[in-house]
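Spelled out, the chains give:
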Amino acid sequence: MHPSGIVEQVRRSIVIAKKDIMIYYIKGPVIIFGLLIPLFLFMAFSVGSRFASLPFLISGLLAMTLFFTATAVSPVIFPWEAQARTLERLAAAPITVPALIFGDILASFVFGVGITLAPVGIALALGLTISHPALLLLGILIGAICFSSLGTLLSVPPTSSPPNIMMLSSLIKFPLIFISGIFVPIESLPAWGRLVAVFSPLTYFTDIARYSLGEVHAFPLVVDIIALAFFALLFTAAAMMLHARTLPKRI
Amino acid sequence: MITGQIAIDVREVTKRFDDIVAVDQISLDVRRGEIFGFLGPNGAGKTTTVRMLTGIIRPDEGSVHVMGHDIVKNPVPAKQQMGVVPETANAYLDLSGRQNMLLAADLYGVPRARAEERIRETLAELGLLGRQDHRVQGYSKGMQQRLILGMALLHEPPILFLDEPTSGLDVQSTHLIIAMLQRLNEAGTTIFLTTHNMDEANRLCHRVGIIRCGRIAAVDTPEQLKQTVERIAVVLVRFDRRVDIRALSALPGVADVAEVNGRCRIAVEDIDTAIQSIVSHARAQGTRILSLDTPTPSLDEVFLSITAGDD
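First to last, the protein sequences are chains B and E.
Under my numbering, the first residue of the first sequence is numbered 1, with each subsequent residue one higher.
Under my numbering, the first residue of the second sequence is numbered 1, with each subsequent residue one higher.
Keep in mind the hints are simulated off the structure, nothing from the lab.
Everything numeric in this text was worked out from a predicted model, so none of it was measured.
Do not rely on the hints blindly, as some may be mistaken.
Below 27 angstroms or equal to it, Euclidean Cα-Cα: the simulated BS3-like pairs (lysine-lysine) are [unchecked claim]:
1. K27/B with K141/E
2. K18/B with K173/B
3. K27/B with K173/B
4. K249/B with K73/E
5. K249/B with K18/B
Facing chain E, from chain B, some residues (calculated, C-beta under 7 angstroms) [said to hold, decoys possible]:
6. G5
7. I6
8. R12
9. K19
10. A84
11. E88
12. A91
13. A93
14. P94
15. G214
Backbone N, C-alpha and C fix where the C-beta goes; we use that ideal spot for every residue, glycine too.
Please put together the full structure from these sequences, using the hints given.
As structure tokens, then:
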């Protein structure tokens with residue numbers, strides 16, 4: 001099989017994803033950022049908002065879990081690899097930069113989807129009915145790709161220092177939580193808030209989760225799916241293109 | 001084993017980092033089956049050149065072909081043909097030696113059954129089979145470097161690039177790696193070796209290239225390079241008794257004489273005239289010549305001569 005053929009490159013992306021999962025994902029930080037932080041935020045919010053309905057709270061927990069899990073590790077893989085001096089071997093291997101990035105996104109996707117099953121389980125355990133499970137699953141899958149590619153995009157600056165990327169990543173991730181309808185429904189936001197929310201991909205996943213749990217939603221579902229898919233494609237393409245430029249600067 | 005075909009073809013390659021020209025219009029060929037040594041002082045552009053040849057960074061100008069594949073236009077087929085041991089690369093410390101080898105095999109598309117066989121063979125040859133399931137974190141530097149060499153060899157590449165492979169290693173690891181490189185070359189592998197170790201280059205390499213300030217200063221066999229060093233030849237002579245230094249200095253072809261450790265170090269302008277006149281003089285004086293050496297310059301001297309003035 002030709003090594004630069006698409007099938008062979010996808011196969012090598014899967015190798016990268018397996019490597020990422022073995023080395024970076026089965027570790028404490030993922031559990032902390034992916035599961036515990038959303039859980040603590042959820043608990044703090046549910047205590048402070050006694051009048052919010054359970055489906056509203058759980059849909060917020062779902063959105064936060066998927067978002068934090070899919071963006072927990074993907075931003076720091078490149079700086080980690082550069083710092084540990086393992087990146088040069090990957091750069092010399094017969095794998096294209098887009099395939100390398102796709103592998104990183106794939107690992108993040110698998111972990112994001114896997115851990116998001118936990119709040120789905122919590123919802124069922126609390127007696128909630130998932131009115132539209134297929135739609136929720138579709139939303140989780142597209143959302144996982146979207147947030148994983150966003151995480152990979154955040155690691156574009158060619159630094160070898162993971163803390164620098166973590167700081168940049170937090171600066172972008174936390175504000176998104178507050179403008180995406182997780183704590184305050186979109187329809188209750190001021191006009192400027194509603195305008196900003198349109199530019200956050202998290203808004204559309206939260207909307208899908210809310211609808212799937214039988215809550216009021218802000219946008220037509222078609223818009224949610226198309227917007228989420230658009231952001232996923234945009235972030236993936238940008239990550240692949242920009243990493244191809246900055247990877248040599250890390251070595 | 002040299003077959004004469006070109007394995008690596010480098011044409012007028014230039015690389016700049018902002019205002020600094022790291023590599024300036026270099027051209028060279030490496031023949032199939034050859035061990036090519038690439039020498040140069042620190043900062044001369046060796047590692048930048050290797051990184052361009054292995055497709056890790058792109059040249060700003062010029063072209064590089066590896067086994068006929070353009071490294072910029074067709075990087076994947078070109079990289080598939082090579083094994084790379086970068087200067088500063090590490091294996092994954094959290095994985096075992098065997099897991100690192102499997103990762104390399106998968107990245108190069110080696111079928112699983114063949115990979116298992118190659119991992120066993122290569123780890124045994126590198127003396128790592130007994131530690132294959134241990135995490136690399138516990139390996140010594142020499143063991144890690146042997147593992148990286150093993151990872152580069154798994155897919156049986158026709159070309160091997162090594163950037164300072166024995167730098168800072170213990171004697172055992174150095175010998176093991178050198179012996180393995182010799183065996184691989186005898187089996188037909190082309191080797192591009194960057195090294196600071198002149199003895200290693202002298203013993204291993206069919207040809208060496210010397211880079212200085214980003215430009216190729218010389219490319220030839222070690223023997224030919226030694227002959228290009230311009231210097232007055234030296235003859236070392238030991239007589240059976242003290243000789244008159246002034247009388248020796250006045251002989252035809254002799255430039256200067258000094259006594260060093262009981263031997264006369266005679267700098268000569270013309271080696272044939274000088275030796276004949278020294279022998280005639282000794283015979284006329286009834287003095288026996290116990291030894292007469294005409295030492296050739298070492299590769300170190302060649303290197304120092306070519307790179308004189310650099311750091």
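Structure-based check of each hint:
1. K27/B with K141/E: With a Cα-Cα distance of about 26 angstroms, the restraint between K27/B and K141/E holds, given a limit of 27 angstroms.
2. K18/B with K173/B: With a Cα-Cα distance of about 26 angstroms, the restraint between K18/B and K173/B holds, given a limit of 27 angstroms.
3. K27/B with K173/B: holds (21 angstroms)
4. K249/B with K73/E: holds (20 angstroms)
5. K249/B with K18/B: holds (25 angstroms)
6. G5: violated (9 angstroms)
7. I6: Since the shortest Cβ distance to chain E is 11 angstroms, the answer is violated.
8. R12: holds (6 angstroms)
9. K19: holds (6 angstroms)
10. A84: holds (6 angstroms)
11. E88: Because about 4 angstroms separates E88/B from the closest Cβ in chain E, which is inside the 7 angstroms limit, the hint holds.
12. A91: Holds - the Cβ of A91/B comes within 7 angstroms of chain E, reaching about 5 angstroms at its closest.
13. A93: holds (5 angstroms)
14. P94: For P94/B, the interface hint holds, since the closest Cβ of chain E sits about 4 angstroms away, which is under 7 angstroms.
15. G214: violated (44 angstroms)
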